[in-house]
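Asks: Each chain, letter by letter, is given below.
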Amino acid sequence: GNSVTQMEGPVTLSEEAFLTINCTYTATGYPSLFWYVQYPGEGLQLLLKATKADDKGSNKGFEATYRKETTSFHLEKGSVQVSDSAVYFCAFGNEKLTFGTGTRLTIIP
Amino acid sequence: DAMVIQNPRYQVTQFGKPVTLSCSQTLNHNVMYWYQQKSSQAPKLLFHYYDKDFNNEADTPDNFQSRRPNTSFCFLDIRSPGLGDAAMYLCATSSLFYTDTQYFGPGTRLTVL
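Protein sequences, first through last, are from chains V and F. When we follow the numbering used here, the leftmost residue of the first sequence carries the number 7, and every step to the right adds one. When we follow the numbering used here, the leftmost residue of the second sequence carries the number 101, and every step to the right adds one.
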């Protein structure tokens, strides 16, 4: 069946460190892929998305590339900031929007 | 700004006392969704409307109902809240179905005493 496997947290990094959060999916067809971010006490916000193979989504210094051959959509950022502390959800959409379990990221100054 | 609004942000109810959560949108989107999110978990889809067509997830308890009187508004009714229903309830909208971006409201945190 459809599923998303996301790197488990929590993840703690120092400011300006490099970030990778792994995400792989199992799905039929060609889903759209998303990263959503949830700041404390708030709803989810779209961070970036990609709709077809080899597309790269990017926003606020974050990037992720739709890799059909490895069914992956890993999130990366070259230099994280304290304000990036949040929970990050990988998701794909075809028959329904399927979320990963979320990765809590904490950035320390 | 176009957005998804949820009221109230915090709701306290008593065990078994019906409660209604509200969602409105200014995006004029066709699809509206209700999710339940418990602490440190991913959002779980309860149901969605495509225009007036209601679609219930197979594992959504009968205790949860929804109404969509017009394009802009959607309500979540919990007929007899139990302690296990305490959670954050998220409303979302999208123009098309699941391949499209969903826009989320800030959520309503429900406490059941």
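Just to be clear, a hint being listed does not mean it is correct.
Here are the in silico distance ranges between beta carbons for each label pair [as the list claims (entries may be wrong)]:
{"id": "1", "chain 1": "V", "residue 1": "35", "chain 2": "F", "residue 2": "156", "range": "22 to 28 Å"}
{"id": "2", "chain 1": "F", "residue 1": "107", "chain 2": "V", "residue 2": "84", "range": "37 to 43 Å"}
{"id": "3", "chain 1": "F", "residue 1": "138", "chain 2": "V", "residue 2": "84", "range": "29 to 35 Å"}
{"id": "4", "chain 1": "V", "residue 1": "69", "chain 2": "F", "residue 2": "167", "range": "38 to 44 Å"}
{"id": "5", "chain 1": "V", "residue 1": "21", "chain 2": "F", "residue 2": "196", "range": "37 to 43 Å"}
{"id": "6", "chain 1": "F", "residue 1": "127", "chain 2": "V", "residue 2": "87", "range": "46 to 52 Å"}
{"id": "7", "chain 1": "F", "residue 1": "116", "chain 2": "V", "residue 2": "7", "range": "33 to 39 Å"}
{"id": "8", "chain 1": "V", "residue 1": "76", "chain 2": "F", "residue 2": "195", "range": "26 to 32 Å"}
{"id": "9", "chain 1": "F", "residue 1": "116", "chain 2": "V", "residue 2": "76", "range": "48 to 54 Å"}
FYI, nobody ran anything at the bench for these hints, they're computed from the structure. Cβ coordinates follow ideal geometry from the N, Cα and C atoms, glycine included.
Asks: Would you mind marking each hint as holding or not holding in the structure?
Replies: Against the structure, the hints:
1. For the hinted restraint 22 to 28 Å between residue 35 of chain V and residue 156 of chain F, the CB-CB distance of approximately 23 Å keeps it satisfied.
2. Take residue 107 of chain F and residue 84 of chain V: their Cβ atoms lie about 39 Å apart, and the range 37 to 43 Å holds.
3. In this structure the supplied range 29 to 35 Å holds for residue 138 of chain F paired with residue 84 of chain V, their Cβ-Cβ distance being about 33 Å.
4. Between residue 69 of chain V and residue 167 of chain F, the C-beta spacing of about 41 Å keeps the proposed range 38 to 44 Å intact.
5. For residue 21 of chain V and residue 196 of chain F, the Cβ-Cβ distance of about 39 Å falls inside the hinted range of 37 to 43 Å, so the restraint holds.
6. Between residue 127 of chain F and residue 87 of chain V the beta carbon distance is about 29 Å. The supplied range of 46 to 52 Å is therefore violated.
7. Residue 116 of chain F and residue 7 of chain V have their C-beta atoms about 35 Å apart, which keeps the hinted 33 to 39 Å range intact.
8. The supplied range of 26 to 32 Å is met by residue 76 of chain V and residue 195 of chain F, whose beta-carbon atoms lie about 30 Å from each other.
9. About 50 Å separates the C-beta atoms of residue 116 of chain F and residue 76 of chain V, a value consistent with the hinted range of 48 to 54 Å.
In this structure, only the earlier hint numbered 6 is contradicted, and the remaining ones agree with it.
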